[in-house]
Amino acid sequence: MTDRQVIETADKALAEEFELDVERFTPEARFREDLDLDSLDAVDMVVVLEKTFQIKIGRDPAVMQIRTVGDMHRYILAKKQEMEQEQN
Amino acid sequence: MQLKRVAVTGMGAVSPYGRGAGLLFDSMLSNKSGIRYHEELERFESIGPRVAGIVTGIDMMEIPRKRRRSMSPMSVYALLAAQEAATQAALSREKLADGRTGLIMGSTMGSVHAIEGFFRDYLADGKLDQVKSTLFFQVMGHSAASNVAQAMGINGRVLAPTAACATSCQAIGLAYEAVAFGRQDIVLCGGADEYHPLTTGTFDMLLAASASYNETPQRTPRPFDRDRDGTVCSEGAGVLVLESFESAEKRDVPVLAEVAGFSSVCDTGNIANPDPEPLYRCMLNALDDAGLKPGDVSYVNAHATATVQGDIAEAKAIALLAGDKVPVSSLKGHLGHTMAAAGVLESIACVDMLRREVLLPTLNLDNQDPQCGGISLPTSPGYGRISVIVKNNFALGGVNCSLVLRAAEN
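Residue numbers (our numbering), protein chains in the order written: chain A, 1 to 88; chain B, 1 to 410.
Take these hints with a grain of salt, some might be off.
[As the list claims (entries may be wrong)] Label-pair ranges, simulated between beta-carbon atoms:
| id | chain 1 | residue 1 | chain 2 | residue 2 | range |
| --- | --- | --- | --- | --- | --- |
| 1 | A | 32 | B | 97 | 20 to 26 Å |
| 2 | A | 70 | B | 141 | 40 to 46 Å |
| 3 | A | 58 | B | 90 | 46 to 52 Å |
| 4 | A | 4 | B | 57 | 40 to 46 Å |
| 5 | B | 4 | A | 64 | 49 to 55 Å |
| 6 | A | 56 | B | 181 | 53 to 59 Å |
[As the list claims (entries may be wrong)] Dumping the calculated DSS-like pairs for lysine-lysine here, alpha-carbon to alpha-carbon at most 25 Å:
| id | chain 1 | residue 1 | chain 2 | residue 2 |
| --- | --- | --- | --- | --- |
| 7 | A | 80 | B | 132 |
| 8 | A | 56 | A | 80 |
| 9 | B | 132 | A | 56 |
[As the list claims (entries may be wrong)] Some, not all, of what chain A presents toward chain B, calculated at C-beta under 7 Å:
| id | residue |
| --- | --- |
| 10 | 19 |
| 11 | 40 |
| 12 | 44 |
| 13 | 47 |
| 14 | 77 |
Worth flagging that the hints you see were computed from the coordinates, not collected in a lab. For each residue, glycine too, the CB sits at the ideal point set by N, CA and C.
Could you build all of it, start to finish, from the sequences and the hints given here?
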């Protein structure tokens, strides 16, 4: 999966979960202020990303720092790279 | 202490007939049955019944995601019923939020679908990783009450009584007391339940579910009938708006009926099989609470779920209270048993009987069981002035409840 495909897959899964138009998932969009997601949604975002990418996020402190869609993209790409390195 | 008189000023229903309190009564008056063949039950070989009363035609998406995410179907039904009742009672958002308006809404338990989902994930690997954050809000016992209060912005007291089949009768009783004692000016009250095949399975296990009419679903349940073979599990929600007469007058909203008395007693003889004496005492206490006597009763709305033992016990209790001169009927023949919603949906029908001056008969009652003798069971609608209704709901667990409803004064 290319980085672009990862980003598109993540956006699509989260847009579907939170019933939002996927076009609103721009890198600068803030989850709380712009997409109106709250702390319960943040928990579910982790569940959705884990399920979508078959990865383990759990209570990773780095996840708590995610504020924007761009932050989420960077996190998930780093996570993917980390997993690939582990596999190699 | 001078208690306040308590008026019904709004009603809302979601039932196997569809949405609306008006539709509920019109369907009952047309002798329509809400019971259908339910294919989902085919998955359960060990369960005998193949019939249920299912709510259809509800679009969950009409509720915004942030409200809906914590709701199982029972909360959706409850919210739609509460919104209908609040609209009829002309309750503004400001009034709902002023702290003097409360909500008392119960269900048999939290959502069985949500509980099933939780344990499916948990038991698979012993972890909670796949469990959504909002699932708990569907599982908790006060799910319907909390979700309705949150969605409607009700800031007064919110209670969630649970007493199986008597749940919403208790909710109405507690709301009546809260208003009568002046603790709240207005209380929305009722109950909700969503259908799950395990509900039918549980009643079947207790030998209390109808399984002989799978080919002719609309002929069951058959309260007080010689050929009854148990109840049919259904789903739905109902809400009444209760408020003090002073409040209704001040807000200039019509009084639909009066809740004049309530009683709840426990039968400790047996957790499953009711005894006539406590049922009788429950009705008598409710009449006493209303300052009335058995001779004042125009009609008794029976709980009668069409179980063999339950109907006999209730018939004996009613015969003791009112003899064979007062008409009696059960509405389970129309709707089946909507569980926690039964008390309030039947109460809504009772309020409409008072308003429209017509008594609904028992659907599917073809041959009165001689063991349910000594009471008058009409088989066609009865037209004429009705002034006082005793309305019963009795629960597994020995919890008996009776309400007294009185016609509004013109």
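Checklist entry - Taking only the CA atoms, is the gap from residue 80 of chain A to residue 132 of chain B under or equal to 25 Å? => result At roughly 23 Å apart (the allowed maximum being 25 Å), residue 132 of chain B and residue 80 of chain A satisfy the hint.
Checklist entry - Holds or violated: residue 19 of chain A as interface residue toward chain B, Cβ cutoff 7 Å? => result It holds, given that the least Cβ distance between residue 19 of chain A and chain B is near 5 Å, below 7 Å.
Checklist entry - Does the interface hint hold: is residue 77 of chain A within less than 7 Å of chain B, judged Cβ to Cβ? => result Violated - the Cβ of residue 77 of chain A stays beyond 7 Å from chain B, reaching only about 21 Å at its closest.
Next on the checklist: Holds or violated: the hint that residue 44 of chain A contacts chain B, with Cβ atoms closer than 7 Å.
Outcome noted: 5 Å, holds
Checklist entry - So the hint says 46 to 52 Å: do the beta-carbon atoms of residue 58 of chain A and residue 90 of chain B match that? => result 50 Å, holds
Checklist entry - Using the C-beta atoms of residue 4 of chain A and residue 57 of chain B, is the stated range 40 to 46 Å upheld? => result 43 Å, holds
Checklist entry - If you draw a straight line from the CA of residue 132 of chain B to the CA of residue 56 of chain A, is it 25 Å or shorter? => result Holds. Residue 132 of chain B to residue 56 of chain A sits at ~15 Å (cutoff 25 Å).
Checklist entry - Can the hint on residue 40 of chain A be confirmed by a CB-to-CB distance to chain B that is less than 7 Å? => result 4 Å, holds
Checklist entry - Okay, residue 32 of chain A versus residue 97 of chain B on CB: inside 20 to 26 Å? => result Hint holds: Cβ distance 25 Å, inside 20 to 26 Å.
Next on the checklist: Looking only at beta-carbon atoms, does the pair residue 4 of chain B, residue 64 of chain A fall within the given range of 49 to 55 Å?
Outcome noted: Between residue 4 of chain B and residue 64 of chain A, where Cβ atoms are some 52 Å apart, the hint holds.
Checklist entry - Given the hinted pair residue 56 of chain A and residue 80 of chain A, is their alpha-carbon gap at most 25 Å? => result Since the Cα atoms of residue 56 of chain A and residue 80 of chain A sit roughly 10 Å apart, the hinted pair holds (cutoff 25 Å).
Next on the checklist: Please check whether residue 56 of chain A and residue 181 of chain B have a Cβ separation lying inside 53 to 59 Å.
Outcome noted: 55 Å, holds
Checked against the numbered hints given earlier, this structure breaks only hint 14.
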